Every structure is written in C-alpha cells, then in structure tokens.
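Remember, the working numbering sits 145 above the position in the sequence shown when you count from 1.
Treat the hints with caution; some may be incorrect.
Claimed, not checked - Under the rule of at most 16 Å between Cα atoms (straight-line distance), these lysine to aspartate or glutamate pairs were calculated in the EDC-like manner:
| no. | residue 1 | residue 2 |
| --- | --- | --- |
| 1 | Lys-345 | Asp-427 |
| 2 | Lys-443 | Asp-427 |
| 3 | Lys-367 | Asp-343 |
| 4 | Lys-425 | Asp-447 |
| 5 | Lys-443 | Glu-463 |
| 6 | Lys-492 | Asp-468 |
| 7 | Lys-243 | Glu-316 |
| 8 | Lys-243 | Asp-317 |
| 9 | Lys-518 | Glu-497 |
| 10 | Lys-520 | Glu-537 |
| 11 | Lys-189 | Glu-229 |
| 12 | Lys-492 | Glu-509 |
| 13 | Lys-210 | Glu-199 |
| 14 | Lys-425 | Asp-439 |
| 15 | Lys-315 | Glu-242 |
| 16 | Lys-367 | Asp-389 |
| 17 | Lys-518 | Asp-468 |
In case anyone wonders, no lab produced these hints; they're calculated from the structure. Treat the numbers as computed from the prediction; the structure is a model and nothing was measured.
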Amino acid sequence: MKILVINSGSSSVKYKLIDTTSGNTMAEGGVEKIGLPDGFLKYKRNDGSKAILELGKTDHQGSIKAILNMLTDPNEGCIKSYAEINAVGHRVVHGAEKFTESVLITDEVKDMIRQCYDLAPLHNPANMTGIEAITALMPDVPQVGVFDTAFHQTMPAKSFMYALPYKFYKEDGVRRYGFHGTSHRYVSQRVCEFLGVDIKTQRIITCHVGNGGSITAVEFGKSVDTSMGLTPTEGLMMGTRVGDVDPGALTFLMLKHNLTAEQLQKIINKESGMLGIAGKSDMREIESAVNAGDEIAKLGLDMYEQRITKYIGAYAAEMGGVDIIVFTGGVGENQTGLRANVCAPLKFMGVEIDAEANKVRGEETVISTPDSKVKVCVIPTDEELMIARDTEAIVSKK
Numbered sequence: 146m147k148i149l150v151i152n153s154g155s156s157s158v159k160y161k162l163i164d165t166t167s168g169n170t171m172a173e174g175g176v177e178k179i180g181l182p183d184g185f186l187k188y189k190r191n192d193g194s195k196a197i198l199e200l201g202k203t204d205h206q207g208s209i210k211a212i213l214n215m216l217t218d219p220n221e222g223c224i225k226s227y228a229e230i231n232a233v234g235h236r237v238v239h240g241a242e243k244f245t246e247s248v249l250i251t252d253e254v255k256d257m258i259r260q261c262y263d264l265a266p267l268h269n270p271a272n273m274t275g276i277e278a279i280t281a282l283m284p285d286v287p288q289v290g291v292f293d294t295a296f297h298q299t300m301p302a303k304s305f306m307y308a309l310p311y312k313f314y315k316e317d318g319v320r321r322y323g324f325h326g327t328s329h330r331y332v333s334q335r336v337c338e339f340l341g342v343d344i345k346t347q348r349i350i351t352c353h354v355g356n357g358g359s360i361t362a363v364e365f366g367k368s369v370d371t372s373m374g375l376t377p378t379e380g381l382m383m384g385t386r387v388g389d390v391d392p393g394a395l396t397f398l399m400l401k402h403n404l405t406a407e408q409l410q411k412i413i414n415k416e417s418g419m420l421g422i423a424g425k426s427d428m429r430e431i432e433s434a435v436n437a438g439d440e441i442a443k444l445g446l447d448m449y450e451q452r453i454t455k456y457i458g459a460y461a462a463e464m465g466g467v468d469i470i471v472f473t474g475g476v477g478e479n480q481t482g483l484r485a486n487v488c489a490p491l492k493f494m495g496v497e498i499d500a501e502a503n504k505v506r507g508e509e510t511v512i513s514t515p516d517s518k519v520k521v522c523v524i525p526t527d528e529e530l531m532i533a534r535d536t537e538a539i540v541s542k543k
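My request is simple: use the sequences and hints to build the entire structure.
Next comes the structure, spelled out in structure tokens:
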C-alpha cells in the first residue's frame with residue numbers, strides 16, 4: 146500500500162510517501178513558511194539530492210496541492226497520479242481521553258479533534274488544516290488520525306492525575322496526557338524486535354531526546370508513566386521549553402513583572418530551556434561552546450543531562466527495575482557524549498556503557514557492555530512509518 150503521511154503544523158507541512166509493503170520511503174520533504182511571501186517546498190529527489198521549489202505565499206491547501214503535484218511530476222515525482230495513493234495518515238497532537246488508538250477520520254472524529262483545540266491551541270487546529278486540505282483535494286481517499294497522546298492512555302490514574310482540586314480534572318480535563326507517543330511506541334516495539342525479546346516481558350525506558358524531549362516508562366508493552374504533561378512543556382529541560390519548574394516561581398514572576406498569561410507562555414515555551422540558560426538551543430552549538438570553555442553552556446548541558454538521568458532513575462524505581470534503556474530523537478541518536486554522561490550515574494543499577502560501541506550516530510545498536518545488567522540501545526525513531534502502518538491496518542479493515 147502507498148500511504149502519504151502528513152504532519153501539518155501552523156506554518157509548515159511535512160510529508161512522506163511510504164510503500165508499506167517494502168517499508169521504503171518513496172518521497173519526502175515539506176513546505177515551510179506557509180502564509181509568508183517566501184514560502185517554499187523542500188524535497189528529496191530520486192537520486193537522494195535535495196532541492197527547493199519556490200512557492201510564494203500559499204495556504205495549507207495550496208501547500209498540499211504543491212506536494213501532490215511534486216509527487217506526480219513527470220521528472221521529479223515517483224507516482225503517475227493521485228489515484229496511486231491508497232490512504233493518508235495524519236499526525237494529530239492531542240486526542241485527550243477521546244482517542245486511545247488511531248482511527249479512521251470521519252465527520253464525527255473531526256468534531257472530536259476540534260473539541261481538543263483548547264488543550265493544544267497551537268497544534269490541533271494546524272493538524273486539522275491538513276485533514277481538511279486532503280478532504281478538498283482527494284475527497285475519496287481514506288484518512289487516518291494517529292494521535293501523539295494515544296499511547297499514553299494506558300497510564301494508571303496515579304500517574305496521570307495532578308494534585309489539583311479534582312473538579313479541574315472532571316470539568317476541564319486537566320491531567321497528564323504525554324506526547325511523542327507514536328515515537329515511544331515505535332522504538333519500544335522496535336528495540337524488542339532488534340534484541341529478539343518479547344515486549345510483554347520487558348521493562349523499557351524510552352528517551353526521546355531532541356529539541357523537544359520526553360521519557361516514557363513502558364512496562365510489558367504499555368506506557369505507565371511519561372514526563373510531558375497536560376502540554377509538552379512539562380518534564381525534561383528542552384531546547385526552548387522550561388520543563389519541570391516550581392509553579393510558584395511562575396506566579397511569582399507573573400506578579401513581580403506584571404506578565405500576562407500569553408507573555409508567560411512565550412517565556413516557558415520559546416525562551417527557556419537551553420536557550421534561556423546558554424543563549425543557544427542547538428546541541429551541536431552547545432557542545433562546541435562547552436569545548437571552548439563556555440561555563441554557562443556547560444551549566445546548561447549539565448542541567449539537561451541530569452534531568453534525563455533523574456527521570457530514568459525514577460521510572461526504574463516505579464517499575465521495580467529496568468531491562469532496556471533506549472535513546473532516540475535527534476539528540477539521543479547522535480550525541481554520544483550526552484548518552485555516556487546520562488548513563489554514568491546509573492552504574493549503581495548495573496548500567497555499563499561500552500565507550501567504543503557508543504561512538505555510533507543514528508544507527509540501531511547496543512551501546513552497553515556484554516556484562517551490563519541493563520541493555521542500553523540507540524534506536525532511530527520512525528514516527529512516519531508507525532503512522533503508515535497504523536493507516537494501512539485501519540484502512541484494510543474497511
């Protein structure tokens with residue numbers, strides 16, 4: 146089956162066309178700067194080289210139309226017509242408690258996604274624009290919604306509840322939902338395939354570490370706890386997000402500096418994390434600054450790594466032990482020093498990293514020693530493949 150995977154953001158649309166029979170990516174790219182005069186489509190050519198097509202000012206429907214035109218272009222494309230696309234799978238960020246698994250998109254499902262707008266005002270409306278654009282351009286193609294929050298719906302109440310007045314949960318849905326669920330689901334399944342073990346017997350801690358980051362405790366195949374909360378702001382220190390912080394510190398700053406809620410949201414989402422401490426959010430730049438003797442950059446990196454270690458330790462305690470630790474995401478897959486530093490304090494629970502094996506970047510591998518009581522692995526994530534597989538499975542049932 147040929148599945149088009151769409152990740153529609155507020156100002157961008159990323160895509161992959163995947164042949165689920167072979168698992169191969171036939172085409173990939175994305176439109177950036179939607180709504181601006183200098184919008185463009187960046188895509189990978191058949192020979193692996195990258196190219197850019199200037200689009201000018203366009204909306205989401207125009208962007209997806211440009212993507213479909215590129216896929217069917219006689220010279221640059223890989224299919225002859227839209228009809229070769231069997232289904233479209235969409236990444237949808239927030240499904241609240243309404244969606245525990247991926248679903249075929251219907252008018253009723255669209256209404257339920259809209260009901261989650263207040264929980265993800267930056268993401269769900271953008272995701273919906275992608276769904277509506279496909280509906281307008283390819284009205285007969287089946288569409289599937291794959292939710293970032295769905296994998297975490299197996300968490301017990303003791304993990305997802307906040308110690309706020311209970312009415313805020315009952316009336317407003319305020320609870321931990323977690324994100325990156327498609328990635329955590331993929332790597333937890335894939336690492337077990339890679340190691341040749343049964344996921345139903347394993348206690349796994351998956352570390353999705355990138356510009357945004359989250360950690361999940363996966364016990365016997367199910368998410369039982371995760372670091373992100375009602376929003377993607379909670380948990381780890383991230384590129385620009387604050388992560389865990391005393392809420393009293395936030396109200397203190399609001400009162401002291403007369404900040405509006407919108408101003409505070411901007412600070413904790415876009416001006417904090419590594420950017421707030423070190424003045425830069427790209428981990429490669431951070432490591433270069435640390436190597437050059439920048440003490441503030443070193444402080445930021447120490448904070449970043451310590452919080453990952455802390456969550457791993459907490460989730461190991463919560464599950465009564467851990468069998469596998471997985472690193473994934475842009476930072477987790479590529480920053481060898483970070484992996485070593487995160488794991489160094491975990492020697493007390495039998496984690497031993499093989500320095501030579503840990504030199505790998507972006508490849509599936511075991512980086513722990515043969516004697517390590519815990520297997521530590523790098524597994525590159527493939528959320529798009531997971532979305533394509535879910536889409537194929539649901540459409541095949543129609």
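A quick look at each hint next to the structure:
1. Lys-345 to Asp-427: 37 Å, violated
2. Lys-443 to Asp-427: 14 Å, holds
3. Lys-367 to Asp-343: 13 Å, holds
4. Lys-425 to Asp-447: 15 Å, holds
5. Lys-443 to Glu-463: 30 Å, violated
6. Lys-492 to Asp-468: Holds. Lys-492 to Asp-468 sits at ~14 Å (cutoff 16 Å).
7. Lys-243 to Glu-316: At roughly 15 Å apart (the allowed maximum being 16 Å), Glu-316 and Lys-243 satisfy the hint.
8. Lys-243 to Asp-317: Holds, because 13 Å separates the two Cα atoms, which is no more than 16 Å.
9. Lys-518 to Glu-497: Distance ~8 Å between Lys-518 and Glu-497 Cα, so the pair holds.
10. Lys-520 to Glu-537: 32 Å, violated
11. Lys-189 to Glu-229: 19 Å, violated
12. Lys-492 to Glu-509: This hinted pair is violated, its Cα atoms lying about 23 Å apart.
13. Lys-210 to Glu-199: 14 Å, holds
14. Lys-425 to Asp-439: 12 Å, holds
15. Lys-315 to Glu-242: 12 Å, holds
16. Lys-367 to Asp-389: Violated. Lys-367 to Asp-389 sits at ~24 Å, over the 16 Å cutoff.
17. Lys-518 to Asp-468: 8 Å, holds
Of the numbered hints given earlier, the model fails hints 1, 5, 10, 11, 12, 16; all others are met.
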